[in-house]
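As they're listed, the protein sequences go chains A and B. Residue numbers for the first sequence follow the numbering used here, so the first one is 1 and each next one is one higher. Residue numbers for the second sequence follow the numbering used here, so the first one is 1001 and each next one is one higher.
Everything labelled a hint here was simulated from the structure, so no lab data went into it. Take the hints with a grain of salt, since some may be wrong.
[To be verified] Incomplete in silico selection of chain B near chain A, CB under 8 Å:
{"#": "1", "residue": "Y1037"}
{"#": "2", "residue": "A1067"}
{"#": "3", "residue": "T1070"}
Remember, predicted model here, so these are calculated numbers, not experimental data. From the three backbone atoms N, C-alpha and C, an ideal C-beta is built for every residue, glycine too.
Chain residues, written in single-letter form:
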Amino acid sequence: MDDRESLERLKAAKLRWQQHVDKVPEGKTGKAYSDCATSSGIDVSLLYTPEDVEEMDYMHDLGFPGEYPYTRGYQATMYRGRLWTMRQYAGFATVEESNRRYKYLLNQGQTGLSIAFDLPTQLGMDADHPLSEGEVGKVGVSVSSLADLEVLFDGIPLDQVSTSMTINAPAAVLLAMYIALARRRGISADKLNGTIQNDILKEYSARGTYIYPPAPSMRIINDIFAYCSREMPNWNTISISGYHMREAGCTAVQEVAFTLADGIAYVDAAIKAGLDIDSFASRLSFFFNAHNNLLEEVAKFRAARRMWARIMKDRFHAQNPKSMMLRFHTQTAGCTLTSQQPDNNVVRVTLQALAAVLGGTQSLHTNSRDEALSLPTEDSVRIALRTQQIIGYESGVTDTVDPLGGSYFVESMTNRIEEEAWKYIARIDDLGGAVKAIERGFIQQEIQNSSYQYQMEIESGKKVIVGVNKFQAHDKPAMNLTRIDPTLYEKRHEELAAMKARRDMAKVEAALARVRAAAGGDENLMPAIIEAVDVYATLGEVCDVLRSVFGEYRPDASF
Amino acid sequence: MEQKIRVLVAKPGLDGHDRGAKVLARAFMDAGMEVIYTGIRRTPEQIAEVAVQEDVDVVALSCLSGAHNTLFPRVVDLLRQKGANDMLVMGGGVIPEEDVPFLKEHGISEVFGPGTPLATIVEYIKTHVTREA
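So that you can see chain B by itself, here it is in the shape it has in the complex (with noise of 0.2 Å):
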């Protein structure tokens, strides 16, 4: 039998605007995957320690305070420190298109940002990790 697909959400930060994250964490546990919420204000060491402890897939980042250029690449600059080189970094957020580019090349697989349709993440995330059994 397939494994389940691990996902964690997570906010980073200060910003304590948590609908989406809640809404995606519900989206993807009915999409049949296992779902972890940090909760909000966490710091990047503590996201990058659960998302290691709990052995997850994907790490989904929400932030719409404008901290995602110092907060997201600590994220996973953390994770490839502790060995986690495979594991799929997204985000979400009030965040530009123009910072797109900067955080691709810092590690975020993609960026999905307001009123992107929760089936085209869930299909992100499907088709990006397959989980080997």
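In isolation and in its complexed conformation, chain A is listed as follows (with noise of 0.2 Å):
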């Protein structure tokens, strides 16, 4: 930073200072001057100084946007050339519904799709699957087949807008039938933009959907890996997400080790099966969760993006730029929102989005005021479209490249997480790498720790929360909920038996029999999925051949 002498001169009036400090009465705040921690147990000072990042190379550790180590951003001009992507998860009920919910998003301005399937379809069941009962249509939209998904993107040029499918176990199922769909419209694959979330290790971890056991579970990945960059280069293979992890409770150094963490499993995984770093490690995309703390969150972004260009760049030697730059999807973080009062909820997420552009994301999704209590309205959901609207076109937040960045604070920050994140990185090498430790328990039991410590500091007072633990009022909000039809599954049953009658069975048989011989063998799994979609086999039933083939992942159940 400053020359040598400047620096001893600082170090003498912050020791005058701190004496001064030291005699002041505590504040009310209930946070001692000395002793504060972020929810990662950082300790936080009550000042920062240039002694702080005394240690701060600026070259080395942050150099200019859109280039190695993208701490500052990915890109060089950043929200002054573009503005994230704003993208809201959606999806609920039928395909019609949905497809009319994705219409209206794009004419408020929306410009990316992200789709929510329901809990059956995120399985890999049919709509009429008995375990699909009370499910259908409820945390996403129902998708059993490329039927649905006709209807689904029905007056949606695929060519124009990206997509986003959060969706992990069956993603090769869901992606199959995107492509088998877009080719019937006429378009190629590599018209196609867009995402598959196919991250199945935080499934394990957190998020539960998976599936089948890790190891065809990681096969299958690569298999997408090696179809995509040879057949898609515009589509991100992959989201490998913190988002859920933290959800679930972990801190935000938490979320940053374990995340890329996942993110080297995928990586070495892919290189075991043959694949060259750089053919396809540019396509890897992440997830991240803006929470509460918004200056943490704000070095957490920028922590991670310094330590992926430094994992591939030194771990895994990428010669590419572009396979070293971290791109990152955020949605604010759900487990923040209340129940009461939930009005305020809105401020929340204002917050949280702000972190998330002064941290450089790549798309935003800003959740509803009312997601504590249900799906959201209509209302809700343009309420938080606006707030990044606000945010991107009036707070001028986005007219400099990342602005906080040389703060003493935010970067001593940035590092502190970085040296935290690095310690446990260290220790899921030791045990094996991100499958290991996940088939060990060892981050399941580190984020369950996390969250009843973090729920036993709301408990205790020590962790105020607006509206829940302090400020409460008993007034009962009397909000318009969205309410799914309940008698989905039954008209799912029919629509799904109808569609069923029309298939010509010979094709089906014999498109899965395909299928069934190349998850046997090792022959990429994509093409023949693409071909059973494309006579109209059903998720279920591509799900059902790679179960009776590859078996089902049944963990202990711990707290």
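Got two chains here, each in a separate frame; can you build the complex from them with the hints?
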């Protein structure tokens, strides 16, 4: 930073200031002057000065935006060039209703689609499966075959929008349906833009929608990487997600560490399967949470970007700079939404969204105020989208790249998060990598411990949640909630039966046999799955074939 | 000596959100109860079977996917069919206020929404279960 002499002067002055502070009586916020920490347990000082970033080397640690190590952003011009993609996660009930919601969002100025599937779809079960009862259309839209996807994207130009699909264990099948749909409209796969989440490791550690055991799951992911590297140059083949681990209760440091450790595991597996690092690494994308502590979150995004660049360069020897760039989507933290005084959530979401923007996100979902109560209403969704637009067009924070870069506090926090996250990554390496660490329950246990500690702090009042453990009000919220038609399960039954009656069963059976053969051997699964969904084999049928070859994952339950 | 209260924390349906269920399981243990957690994605049948086998006093159901109106009453029905008439069945998760009367009519003794203090739930169990020695 400054030269030696002025740093010495500063240290002397800071000592004098500290002696003064020591004499000031403790404040009334409940936080001592000497003892305060973030959710990750990182100490927070009352004041930061150049002394705290004494060791920082600008070119080595920060550099310029669009240049290694990308601390200040992955593009040279960031939001002056183009704002982030405003992408609201949406989908519920039927394909018709969800299609209307997508068109509504696009008309309101949203710039990309993000498809939420219901739980049966996410678990590779058709809507008429007995376990689907009660769940159809609830947390997302129900898709069982290509016929559903045709309606879901009716009137939406697939070559002009980018589509993100939150789909993991059956990601290959939904991607195959999307490719088949595009082909029917005369759009080749290389013209498609979008993302499949396809991140199975965090399903085992936090989110829960796994189907197959880790080894075959990693094989499916490798097949997707390999297929897309040849056929879909603009497709993000995975969205390596810390979001759900944070929702499950981990800290900011753990979010960075566990996400990057998962990333390392995917890269390791792909290299082991014979892929060249630079053939697939530029299509890896990430997904983080934006939680309450604004400046810790900003630092978290910056630290993650710098760490991934170093991992790709030093650990995996990537040559292409694009392989080193951490591009990420952000969603505000659902777990911070309160059912008490739900309008307060608009403010929480604003602060969290601001953190994501100050941290340089590439796309953003802002939660709706009523999501601790049910699926969001259209009004709530509009406010959430407007929140992004106000930050983007009115606040001025987008005019300068990485405006908090150089803040003594933010730089120091970025360094501290990085240091702590490296320690976790080293521990996970010692356990044999993320897959082994998950199989042993290490990551799950770490998340559970943090989650319990967080709850204890709320219980004791050490952590204040406005409207929940302080400033409570007794007004019952009278909000209109979105309700899903309870007869949807029966309706979907009939629809599926009608669709199945129209199919050419001989073709379906032949195509499913080819999927089985590919799964049992080492042929890439994607072409066979595309062929199967194209003749209207259902999601459940394809996944059942894979279940019979790969088996199902059944972990022990711990808490 | 008074016997410990036995609680089954259970996740019916396809929902994988079990942060709350796990926190509650630990809180019940810290409050001196014996706790069994089913893990995620259990059917009502599996839950009722474990509850009866383990002779629990309380079944605490958690669901955040919106399937509670289908799944919670089914657990109660199955328990009653198995003769477990005095088992306290309670629920939590993302459950709209307007669904609570329906659930209570179907044998769910109480519903705890997001933000409920752990102490409130522990206290509720302690006042509603008295285990005979």
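Going down the list of hints, with the structure as the test:
1. Y1037: At about 5 Å, which falls below the 8 Å cut-off, the nearest Cβ of chain A leaves the hint on Y1037 of chain B intact, so it holds.
2. A1067: holds (4 Å)
3. T1070: holds (3 Å)
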